[in-house]
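Asks: Residue-level listing of the chains:
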Amino acid sequence: MSAPKIEIDSLWLPKASSTLAGQVDTAWNWAMANAVVFFFIVMIPLGYFMVKYKKKSDADVTSTLAHSTLIETVWTVIPTVVVMALFFVGLWPYLSAAVPPKDAFEVQVTAQKWAWTFTYPNGTVSPGKLVVPQGRPVKLVMSSTDVIHSFFVPEFRIKQDVVPGMYTTMWFEAKDVEETAVLCTEYCGTGHSEMLATVQVLAAPAFDQWLEAGDDKNLPPAEKGKALYGQWACGSCHPIDGTRGVGPSLKGLYGRNEELTDGSSVKADENYLRESILVSTAKVVKGFAPVMPAFQGQIKDAQVDALIAYIKALQ
Amino acid sequence: MAQGAITDTTGPAGYGDASSGKNYLNAEKGFLSWVTTVDHKRIGMMYLASVLTAFLLGGLMALVLRLELMKPGKQFLTADQYNQAFTLHGALMVFLFIIPAIPGSLGNFLVPIMVGAKDVAFPKLNLLSIYLYWSGAVFMFASLLIGGIDTGWTFYTPYSSTTSTAVISVTFGAFILGFSSILTGLNFIVTIHKLRAPGITWFKMPLLLWALYATSVVQILATPVLAITLLLLIFERAFSIGIFDPRLGGDPVLFQHFFWFYSHPAVYIMILPGMGIINELIAVHAKRTVFGYKAIAYSSMAIALIGFLVWGHHMFVAGQSELAATIFSFLTFLVAIPSGVKVFNWVSTLWKGSISYTTPMMYAISFLFLFTIGGLTGIFLGMLSVNMHLTDTYFVVAHFHYVMMGGTVIAFIGGLHHWWPKMTGRMYDETVGKIACALVFVGFNATFFVQFILGSRGMPRRYYNYLDQFQPLHAFSTVGSWILGAGLVLVAWNLIRSITKGAIAPANPWGGLSLEWETASPPITENFAETPILKHGPYDYFPAGSKH
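Chain order of the listed sequences is H and D.
Quick note on numbering: the first sequence equals residues 1 to 315 in the numbering used here.
Quick note on numbering: the second sequence equals residues 316 to 863 in the numbering used here.
Keep in mind that the hints are not guaranteed to be accurate.
Taking lysine-lysine and the BS3-like style, the derived pairs with C-alpha atoms no more than 30 angstroms apart in a straight line are [said to hold, decoys possible]:
{"#": "1", "chain 1": "D", "residue 1": "Lys609", "chain 2": "H", "residue 2": "Lys52"}
{"#": "2", "chain 1": "D", "residue 1": "Lys519", "chain 2": "H", "residue 2": "Lys56"}
{"#": "3", "chain 1": "H", "residue 1": "Lys55", "chain 2": "D", "residue 2": "Lys519"}
{"#": "4", "chain 1": "H", "residue 1": "Lys54", "chain 2": "D", "residue 2": "Lys609"}
{"#": "5", "chain 1": "D", "residue 1": "Lys667", "chain 2": "H", "residue 2": "Lys55"}
{"#": "6", "chain 1": "H", "residue 1": "Lys312", "chain 2": "D", "residue 2": "Lys389"}
{"#": "7", "chain 1": "D", "residue 1": "Lys749", "chain 2": "D", "residue 2": "Lys667"}
{"#": "8", "chain 1": "H", "residue 1": "Lys54", "chain 2": "D", "residue 2": "Lys667"}
{"#": "9", "chain 1": "D", "residue 1": "Lys667", "chain 2": "H", "residue 2": "Lys52"}
{"#": "10", "chain 1": "H", "residue 1": "Lys5", "chain 2": "D", "residue 2": "Lys389"}
{"#": "11", "chain 1": "H", "residue 1": "Lys52", "chain 2": "D", "residue 2": "Lys749"}
{"#": "12", "chain 1": "D", "residue 1": "Lys386", "chain 2": "H", "residue 2": "Lys56"}
{"#": "13", "chain 1": "H", "residue 1": "Lys139", "chain 2": "H", "residue 2": "Lys129"}
{"#": "14", "chain 1": "H", "residue 1": "Lys312", "chain 2": "H", "residue 2": "Lys283"}
{"#": "15", "chain 1": "D", "residue 1": "Lys386", "chain 2": "H", "residue 2": "Lys15"}
{"#": "16", "chain 1": "D", "residue 1": "Lys389", "chain 2": "H", "residue 2": "Lys286"}
{"#": "17", "chain 1": "H", "residue 1": "Lys251", "chain 2": "D", "residue 2": "Lys386"}
{"#": "18", "chain 1": "D", "residue 1": "Lys389", "chain 2": "H", "residue 2": "Lys251"}
{"#": "19", "chain 1": "D", "residue 1": "Lys749", "chain 2": "H", "residue 2": "Lys55"}
Source of the hints: derived by calculation from the structure; they are not laboratory data.
Please model the complete structure; the sequences and the hints are all you need to start from.
Replies: So, in structure tokens, the structure goes:
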């Protein structure tokens, strides 16, 4: 599982890491107070009656009171008032979540089985990692290339379905410099529970720097490839331990002869690996379904090089 | 029986002529006599056997799922097998168990007897309904042979219109099951309107009938929408007509509107009969007249009607407009009120009662505890901003299990014990019954209460694998599922054993006042030797000569 831990702050809730989270938690607290109070309003009389009115003998005479307009009105009206109040308590944070501030920084989110990709206004593409500035509203404009997914950041208390054929939006403002988990919460098939990502909150200057330079540190290509393997969630289909996944394992793949679905065979050299990443369904290994998305146009040449270097290293 | 309760029927069975030794079970013999019967009691018993089989299979699947979730990563299932197992668990439990369970079994058995009739209004349609049930079940199980289904029981598009698994078989099965449900509902509505015996006015009916009547209205009005939706989905898959799949110009959110337009009212098809049973258990085992009869009866109808207007609360983050979400949230809070009123009425019915702690009463009290938690956690989910955090997490899983299992299933098992002597003519063992109830109660809470915490901490539902930090709570829930499973096995053992070993049941073991207790246990085929005339209401536990 490649996602950071969700920091837990209390028995019930994660740490409140966005400006919205505090408002949602206030609503949660009212719901909890309501639940506890009404639970005892029901349970205390229930427990008392259970003991007090336990059958003593066949001669017990039971109450004939079958109706009381007063008490029935009271216990209809009071809960009605309470739930109407809770409706509004629940509504306010939702309204502020629904309307992004005008100056929000916009990031495009693309969901596909089973990975998240984040695209920035300057063209930077960040697979599997949403890097955002601290203390500045960020608006996400989201769409899916295949089925419905849902973007959930527990520490931010935000969740929104990501639907093919339409854009959905949401926004947040991160409070702390930290990393936290993004989870997919709309069932999307085999790799649903592996469809994770990271939100990395950077202080404003560090964020500007990151946006300018991207994430390319001066790592050896194989290590850069390993990082990309994690970010693009390649592992949700391609294991690296020799076991069978939705797709073939990458262990020992380089240099191997693979039999293809059309009966021919191919040696898995650099060119085959490159083609399989860019136009994934061109040559599919026998026994596997042609389900991998094409990455042409989404991935830089240097990144392909790095991934190939990583696969080579997996002997 | 409470002293001085109106007891015109002091004999073993006021209207049940058991002198011949014949009853509905032994009147005819052989397999053919069962599968060609039009006797509502026999059809009820066949439904009972069928829905309990579905419950057993769905329950085994749940135990397998919990075992896989003991630790993150692969234990013994692959991700695809896990996804198929939770889909089948949900589909079996919803379509083959909980929707038909109470109306099909206890409802079929009791409705005609409680209104003092010989049978339901359309006995042959009743037989057709169980044949449709079995046919639907065949299509559902057939999916197992052709590769399973991995969509979740909600069949959301475009996943369901594009996955390679056996979606058509299962959805066609659910389509057929819908007709079975409609026929049962139709029969109950007509039976309750037209076949009530002299003296049984609407407000002299046992409250179970009000609940089943409200349920039937929902079944008849909502189920056709599911049928249309599932047919459209089948057409989408087979002919790519472009209703739901955005690549063909369709709208995937439209499917969710259609689906929940049925499936939210279906939640009330599931819970209302359970609520109806609780009325009977509490009043009879506390020997006290129901407090607020009319409020309970009307609240059933209110739930059934308002229940049609809240489907959008399943879709707060699905991409519907903020205005729609706000309206649906508001209406959702309205539907909470009649449920709350019922709980207050049930607790008040224990006030100055004479409470016998029989197995059925223990289930009724378990219901009050579990359903209250289920209802109050529903308030969290109705609040828009809180819903945004909780929806599609284990909090929702815990919530609906508290309502569906802690509510409906607990009521169903309680009702099964309550009417078991009537249906089989045998008494189950009370001590074993109570121990089993306690195990179910403890196991249920151990399994599902921690799932509220898992969910509010951010654990999504339908996850095969999960973050390491959730492991201890998942393990706790899994151990709870074993206690729950053991309790249910004990329930089954106790009931099945009673058929051969149990004491012979008297006509009226609990001192009930509704009509089913005035015929023999088990009843004769015609239910009553002559048309019964109602001399007292179902809850008239009044001292002799008192004014009320």
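Asks: Output the indices of the hints that this structure fails to meet, ascending.
Replies: Number 12 - this is the single hint that the structure violates.
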